[in-house]
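**Q** Here is what each chain is made of, one letter per residue.
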Amino acid sequence: MDFIYGGYRGRLLEVDLSSGKLDTLPLPEELCKEYVGGRGLATRLLWDAMPPEADPLSPESAVVVASSPLVGTPAPTAGRGHAVFKSPLTGTIGSSNSGGDWAVFLKRCGYDALIIKGKSPEPVIVKIETGGAKLLPAGKLWGMDSHEATDSMLEGLDPKISRVLTIGPAGENQVRFASLVNNKNRVYGRGGPGAIFGSKNLKAVVVSGDQAVSIRDEELFRTGVDQGLYRLRAAPGTNRILRELGTAGLVRLIDVIDMLPHRNYQDTIHKLEDLNKISGEAIRKNILRRAKGCYRCPIACQRHTQVGTKEGEGPEFETVVLMGPVCGTYDLEAITLANYGCNEMGMDTITYGGTVACAMELFESGALTAADTGGIDLRFGNGEALKSLVPLVARREGIGDALAEGSRRLAERFGRPDLSMSVKGLEFPAYDPRASFIQALGYMTSPSGACHLRGGYAVSLAFFGGPREIPRFSVRQAPAAVRNVQNAGIILDTLGVCRFTSFAFHVDTWARMLSGATGAEFSTSHLEAMAERVAALERLFNLRAGVINTDDTLPERFQTESIATEEGDSLIAPDKIEKMRSGYYAVRGWDPGGVPTRETTERLGLSALEAKS
Amino acid sequence: MKQGDLIDKMIAIGSACLNRDMQDSHSGNIAARWTNEEGTPCVAITRTGSQKGGLERADICFPAMESTDFGHYRASSETTIHARILSIEGAQASMHAHTKNAVVATMGPAGKSGPAAPLVPIDPLGRGFLEGSVPVHRFAVPSGSPEMAKIIPKYLEKHPTMMVQNHGAFARGRCLEEAFFRLCLVENSGYVRHLARGFGADESTLEREAAAARDGLFGLAPLATGSGADVYRHERLDQCDFDDEPQTKREFLKTGFRIFEQGISPFHTGSASIRCVDTMLHAPAASMPRGVPSPLLEIPLDDEDEKSFPVSIHRYIFRHSNFQTAIHTFTPEAEAAILYRDPGEAEPPDRIIPVDAEASFLYPAVPVLPAETEPGELLEALHDYNVAVVRRGGIWAVGEQSLSEALHHNSSVRDICLYRLGALARGLDLSELEPESARKW
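Protein chains in written order, with our numbering: chain C, 2 to 614; chain P, -11 to 429.
Keep in mind that the hints were calculated from the coordinates and are not lab data. Heads up, some of the hints might be wrong.
Derived lysine to any residue pairs resembling SDA-like cross-links, with alpha carbons at most 20 angstroms apart [said to hold, decoys possible]:
1. LYS577/C to LYS242/P
2. LYS580/C to LYS242/P
3. LYS237/P to PHE474/C
4. LYS272/C to ASP231/P
5. LYS237/P to PRO468/C
6. LYS580/C to ILE287/P
7. LYS135/C to PRO234/P
8. LYS577/C to ASP232/P
9. LYS580/C to ASP232/P
10. LYS580/C to PRO288/P
11. LYS580/C to THR267/P
12. LYS242/P to PRO468/C
13. LYS237/P to GLU470/C
14. LYS242/P to GLU568/C
15. LYS577/C to LYS237/P
On a predicted model such as this, the values are computed, not experimentally measured, just so you know.
Next up, chain P with everything else stripped away, as it sits in the complex (with noise of 0.2 angstroms):
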C-alpha cells in the first residue's frame, strides 16, 4: 500500500471512530506496519492527542518499529504497545480504543496486576467472532505503562482483542479494516450487555444461556458468517462487479452508510442483496463508514452447493419469493429487546410490539423467531411483516423494490426497541402502552 493510501485509510478510520463514539474526542490509536522507501519497518501511527475523527496528513507519524521513542516525540504514548502488537505474526494492523460500554461491562476495583473476569458476550457477533470471551487485564498503571507494553501483545498473541480494565479495549487485524472491526465488536458486546440490563435481563443467567446454546441455521459458529472475518479474505476490499450501473452502486453505498452511520449493526456486519434475474448483487459486509468500503459483488442465484450463512439465506429468499432486496443486521437494541420478559412469564414473547405511535401503525408487530427457524419459516414471517427478528441471528428485513424499503424496516425496529427500553426506564408498564390490535398478529 502506498504511504498516501494508508493515510486516507487511517483517517476514514479514524472518522468513523468518533462517528460511531468509540472515544473522547482524542483519546486511542490507530497503528498499521509499513515499509518505508529503504525497507525500513515502520510503525504508521496516530499523534499524540490528535482528534481521531479529524485526523489529518501531518498526524500519521511513522516511527522505526525497533526504535519507537527516537525522535518521534510526537507519536502516540502507547507506540511501543502498538510496534509489539504488529510484530505478531500475521498482525498488520492494531487500534485501541476506549470503548465505554464494553469498560462499563468489565468494571472493577483498581488494584494490583493480573486477569481480571473476561467479557462474556451474549450477542451472537461477540460469540461468534471474540471467541466467545474476551480477557480482561487489570494494570496497576492502566496508562501508557512498561507493563502494559509487555502484557498487552502476550494476550494477542493468543486472542483477536483484550481488554485493559477500566481503560479499554485493543485489537489487532490482518489490516487496518479488520482491527477496527474486532474493536466494534467489543463495543457492540458491552452495548448490548448495557441495554440487556435496561430490558431487565439477568446477565449471569445470560451469560449460561448463551454459552449453553445451540446454534440452529442463524446461529454463528465462531468464524462462519459471511460477515466481517470473510471480507479480510478478500483481495479487494473495494471491489464493485457492477461499476457499469453507478446508480445501483450508489444505492449500496448509500444504505451502507446508514447501516453504519445509525448503528443498525457494527462495522462491517449485516448484508445486503438486491436481485437480479439469475444473479444477485451482494454486500457481504454491509455495515460501511464513508472512505472504508466493503466489496460489491454479483454471484449466481442457483449455486446449491454454497452453504455459507448468510449467502445462503439471501439466496433462499429470492429463490423462493418475488423480493428484490433483503437486509441483515446485528442490530443490538433488537438483540437485547427480545431478552425482555413480560412480567410473571418464564420465557419472553415471540413478537416485538410497538409502543410508539408511527411504529404501531406501520409494524403493528415484529415477529421474533427461534435460533432453529428453518428459512422457510423466516420468509413466511417476512411475507407476513416484512421485517424479523431470529433469536442470536440478527435482523432480516425484505424489500419488493429497493435496498432503501429493506432498511427501513432495519432501522425502524431499532427504533421501536429503543422505544420499549426508554418507557421501562421510566418505569412505565409496556404492556399498557402496547396497543391492543397487536394482539392480534
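Chain C on its own, in the form it takes in the complex (with noise of 0.2 angstroms):
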C-alpha cells in the first residue's frame, strides 16, 4: 500500500547486530512533517535508538542512516545520505553526511532509514535487497581496505542496483574518525561513524534495489527542479569553478580572504608559488583524469586523479589545505596519496591532517620527540611522513595508536593540550576563524565540533555567495546569521541534497520540489521551524552527552594570536566569544546556559520527548 506522502517509502530497517534481528518498522507520519528526512530523521531516530549518555563504542549506542523523499528523484543533487551517532571522538551527536549515491540504493530497496544497535558477536555485513535484509558473516572483508572490500562485495551482484557502504582497516581497529566509505571514495567522514561500525564488529551494508521513488505532483516537482538546475546554471560557483577545478579551485580564494590556515593555525601566510603548486589550477593540469558528478548532480566537482601509476578520486579541498599548509607542506604528490590512502583506510582526512599538524607542532616544540615517534622526523613540511603515518593510524601501530585518538587526546597526552586545533575535540576544516567572526561562531556552536557544514557554511557565502555575501567583521551580526546558515544547512542536510547548490538558490525552490515530490505542502517556513526543531534536538542530546556552553568556545590561540586580515590584525577575544555565543543561545531561544528554554521546547513540539528523557 501507498504511503500517505510521495517521495518517502514509508518503512525504516532497524538491525539489532546482538540478537542478529532485522525488523521492518513503520515510519511514523508525523516524522514525515516533523523531521522530514536525512539529517532530521536520523536525529530524531537516534534520540530513541540509544541514551546520549552511552559510550558511542558500547553496544549501547546506535547508527542511523537516513535518506529523504528527495533522494533518488530527479531533483538536482538528491542522492545523499546523512548518518547520525555518538561521536567517539567528540562524545556529542555525531552528524556526517556523504555524496555518492548508496542512500538512493537503500531507498530503492524500500526503507527510507536504516538503524544499527548492539554488537554482532563476529564480524558480520548487512545485505539489503528489494524483498528484505538479512545478516551474513564478513569473513575474509574483515581486514579488508575500503576498495577492496567494496570490489568484493559487488562480484556476482547487478552493479547497476547495487551499492556497498563499508569501513575499511582503521573501522575496525575503532581509530576515533574512522569514516563510512562508499562509492569507494565518498564517505561520511567527521566524528568517527566508522569507528561504531567496528565496534560492532559490522564491515559493511550492501544495498540492491530497483523500486523506483513516486512523485505526487510531478507538475509542481518539475517547475521547482527546472528552477533550480537553471539556477545551477546561471551561477558561476555551479555553473564554472566547482566544475573546471573542483572544491580545490577554493585554495586561492579562500587565500585572497585571508582564512587559509598554515602550519597548525600558527598564521594564514603563503606564498604565491608555493599555493600554485596545490591550487585546483594545479591539480587539474599535473593529476587530473576526468571529473565526475554524484547522483543527479550537473555540478560534478568529483576528481578523478592519478598520481604514478596510482589512481583515486581527490584530494578536496579541505585535504587540500589540512594535509597541506596545514602540515607546512605544498606536495601535491604527497598529499594526494596520503588522501588515497585514508579513503582506502577509511579515515576522516580533515581530522587526519589537523591530527598530523598537531603532532608537527608537539615535536617542534619538544613535546613529542623521535623516541615517541619511532624515528618519524615530524617537522612541518614532511610529506614522506604525511604519507607513511596513514597505515600505522589505521592499523593504531607505533605513534599511530596515539594519532589514531585525534588531536585532543594526542595534545593532551603530550602535555599540550592547547596544541589541539579543535572544538569539543574535532579538528578545524580549512577555514581560519579569525577572518570570519561569523564563521568563528559557527565553530563553537556546531553541534558536533568544528565541522564548517554542521557549523554553518558562513564562509562559504565570503566568496559564492553572490547577493548573499555575509560581512565577516560583524559581531551584532553573527548569532542571527549563523542560527540561519545553520537552519540552511540542516534543510540542506534533511533534504539530501548537496550543499553546494546553495550558491545557486535557496530553501523556496526546495520547498517546492519537496512539496510537490510528497504531495504535502512544506512551505519554507515549514522547513526552518523544523530546522530549529532538529537544532534544539541535537543540542538536547548534546547536554545529556555532557556538553555544557563553555565547550561552545574556540582554541586559545585563536583567541590570542593575531593573523593580518583586511581589515588589520584579527583575532576573537574572549569578549567577542561571549558576545557572540550569549546572542546565539538568545536568536536559538536557549537560555544563558545553552539550554532550549521550555518555551522553545514548547513551540518546537520537543516538550514530550524532553520529558521522556
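Take each chain as given, in its own frame, and dock them per the hints.
**A** Quick look at the structure:
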C-alpha cells in the first residue's frame, strides 16, 4: 500500500546486531512533517535508539543512516545520505553527510532509513534487497581496505542496482575518526561513524534495490527542478569554478580573504608560488583524469586523479589544505597519496591532517620526540611522514596509536592541550576563524564540533554567496546570521542534497520540489521551523551527553594570537566569544547556559521528548 | 554649518540631481540660507549656467539676501525667487529643477498667468508627502520673470512644493536634503503617472481612486512614515550607531547608493534593516546618494509601543521570522505595474508575472497584496516569495543573510515591471509571454 506521502517508502529497517534480529518498522507519518528525512529524521530516530549518555563504542550506542523524500528523484544532487550517531571522537552527537549514491539504493530497496544497534559477536555485513534484509558473516572482508571490500562485495551483484557502504581497517581498529565509505571514495567522514561500525563488528551494508521513487505532483515538482537547474547553470560557483577546478578551486580564493591556515593555524601566510602547487588549477593540470558528479549532480566537482600508477579520487579542498599548508607542505603528490590512503583505510582526511599537524607542532616544540615517533621526523613540511603515517594510524601501530585518538587526546597526552586546533575535540577544517567572526561562531556552536558544514557554512557565502555575501567581521550580525546558515544547512542535510546548491538557489526552490514530491505542503517557514527543531534536539542530545556552554568556544590560539586581515589584525578575544555565544543562545531561544527554554521546546514540539528523557 | 561644509553638500546634491536626471546638464538651482562672518544673511546659490552634476567650489555664490542683484552677476537668474523662498519662516533651503515627468504630467497650453490644474499624485509618496496635490501655476513669462519672484514664494508659504507649468518644480525645506527630497517626490509622482499610462491605466480614474483610497497599515497617512520627513527632524543625518563595525556600515552605504542610483526608491525614501540579537540596525531613509547620508541607527527590537511605519514592520519581520535583513522601497515601476489590468478584467491581478527569461526562473511570480494587508500576511508572502508588493505600500523584500540579498529582490522587481511595460509598448500580449508554470504560484 502506498505511503501517505509521495517520495517516501514509509519503512525503516532496524538491525539489532546483538540479537541478530532485523525488523521492518513503519515510518511514523508525523516524523515526515516534523523531521522530513536525512539529518532531521536520523537525529530523531537516534534519540529513541540510544541514550545520549552511552559510550559511543559500546553496544548501547546506535547509528542511523537516513535518506529523504527527494533522494532518488530527479531533483538535482538528491542522492545524499546522512549518518547520525554519538561521536567517539567528541562525545557529542555525530552528524555526517555523504555524496555518492548509496542512500539512493537503500531507498530503492524500500527503506527510508537504517537503524543499527547492538554488537555482533562476530564480524558481519548487512545485505539489503528489495524483498528484505539479512546478516551475513564478514569472513575475509574483515581486514580489507574499503576498495577491496567494495569490489569483493559487489562480485555477483548487478552493478546497476547495488552499492556498498563499508569501513576500512581504521574502522575495524576503532580509530576515533574512522569513516564510512560508499562508492569507494565518497565518505561519511566526520566524527568517527566508522569506529562505531567497527565496535559493533559491522563491516558493511550492501544494498541492491530497483524500486523507483514516486512523485505525487509531477508538475509542481518539475517546476522546482527546472528553477533549480536554471539557477545552477547561471551561478558561477556551480556552473564554472567547481566543475572546472573542483573544490580545490577554493585554495586561491580562500587565501585572498586571509583565511587559509598554515602550520597548525599559527598563521595564514603563504607564498603564491606555493599555493600554485596545490591549487585547483594545479590539480587539473597535473593529476586530473576526469571530472564527475554524484547522483543527479550537474555541478560535477568530483576529481578522479592519478599519481604515478595509482588512481583515486580527490584530494578535495579541505584535504588539500589540512594535509598541505596546515602540515607545512605544498607537495601535491604527497597530499594526494595520503588522501588515497585515508579513503582506502577509511579515515576522515580533515581530522587526519589536523591531527598530524598537531603532532608536528608537538614535535617541533619538543613535547613529542623521535623516541615517541619511532624515529619519524615529524617536523612541519615532511610530506613523506604524512604518507607513511596513514597505515600506522589506521592499524594503530607505533605512534599511529596515539594519533588514532585525534588531536585533542594526542595533545593532552603529551602535555600541550593548547596545540589541538579543535572544538569539542573535532579538528577545524580549512577556514581560519579569525578571518570571519561568523564562521568562528559557527564552529563554536556546531553540535558536532568544528565542522564547517554542521556549524553553518557561513564563509562559503563570502566567496560564492553572490548577493548573499555576509560581512565577516560583524559581532552584531553573527548570532542571527549563524543561526540562519545553520538552519539552511540542516534543511539541505535533511533533504539529502548538496550544500553547493546553496550557491545558486535557496530553500524556497527546494520547498517547491519537496511539496511536489510528497504531495504535501512544505513551505519555507515549515522547513525553517523543522530546522529549529532539529537544532534544539541536537542540543538536547549534547546536553544529556555532558556538553556544556563553555564547550562552545575556540582554542586559545584564536583568542590570543592575531592574523593579518583586510580589516587589520584580527583575533577572537574572549569578550567577542562571550557576546556572540550569548547572542546565539538568545536567537535560538536557549537560556544563558545554552539550554533550550521550556517555551522553546514547547514551541518546537519537543517537550514530550524532553520529559521522556 | 561651515561654509565649506555647505558647499560640499551643494556639490553632492548637484551630483545627485545629475544622477537621477532631474534636469538637463546646466539647468536648475540649489540654494540655502547662510550667514557670513559679518553676520549678514546671505543666499548660497549655484552659479548661473553651472553644471549641477559637476559643481566646483567657485560655482557657489553668496549674495546677500537683501540685495541679490548687487555685485553677483554670476549667481542664478532665479536668485531673487530663492531669496524670497528662503525668507519664508522655517525655510533654510530651496531648489528648482525641471523634473521632466512632472512637467509632462501637468503640461498645458501657453496663455495668461494663473493657476492651472494641479499635479495629483497617484503614488503613496506623493499622497503622503505632497499633501495629495501639487499646485501648478501658468506664467506668461515662465522663466526668471519678476512675476515668478512674486508668486512662487507665495505658493511655497502654503505648500512644500509648486510647479511652474511647462517649466519645472520648486521646493523648500528645513535643509537642503529636505528640499531635494520634495523635489524628487514631485518628479516621482510625475514618473508614476507616466508609467501608469504605459500600463494602460486611466489617470482620471486613478486620481479618484487615490483620493478615495482607505489606507491600511501600509498606506501612508501624510507625514506618518519613517522615511524622509521624519529624518529631517534628526539632529545628525550622518549619525552612525555602529561605527565600530566599518564593514557593516559599508554594507548599508553600498545598499543605499544602489537604491538611489538605480531609482529603486526616491531620495531618502525606503528603509533597510539588519537583525541583530535584541536590536536591529536601521536606515530609516535608505535611498541615499554619495555624500548625502541618512542616519544609521541601532534600535531595540522589543519596543512594543513603537507603532510608526515602517519601523514597526521591520520589527515584526524580525520578531516573527528568522530573516536577517529587510528592505522596503517605493519603486515607481512597481507602483505603476500593479495598476495593470488584464484585458476584460475589472480588477488588477494579485501578482506580477515576469515575462523575461531570467526573472521567470528567479521569481515565478511576485505577489501583490492589498493595502489592508496585516503584517502576518505580508510575512507569509515573504516566506514563500522573499519579496512582495503592497498596494500603496511599496515593495518589501527580505534576506536570510545580507542586505545585498534583499536588495536584489527589490531591484529585480523593478526590472520585471520594466520588461512588462516594454512588452506592452511593443503591442505584445502579456498573457502570451507569461510562463504557463507561473500560473501555479
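**Q** Could you check the structure against the hints above and give me the numbers of any it violates, in ascending order?
**A** The structure conflicts with hints 1, 2, 4 and 7, although it agrees with all the remaining ones.
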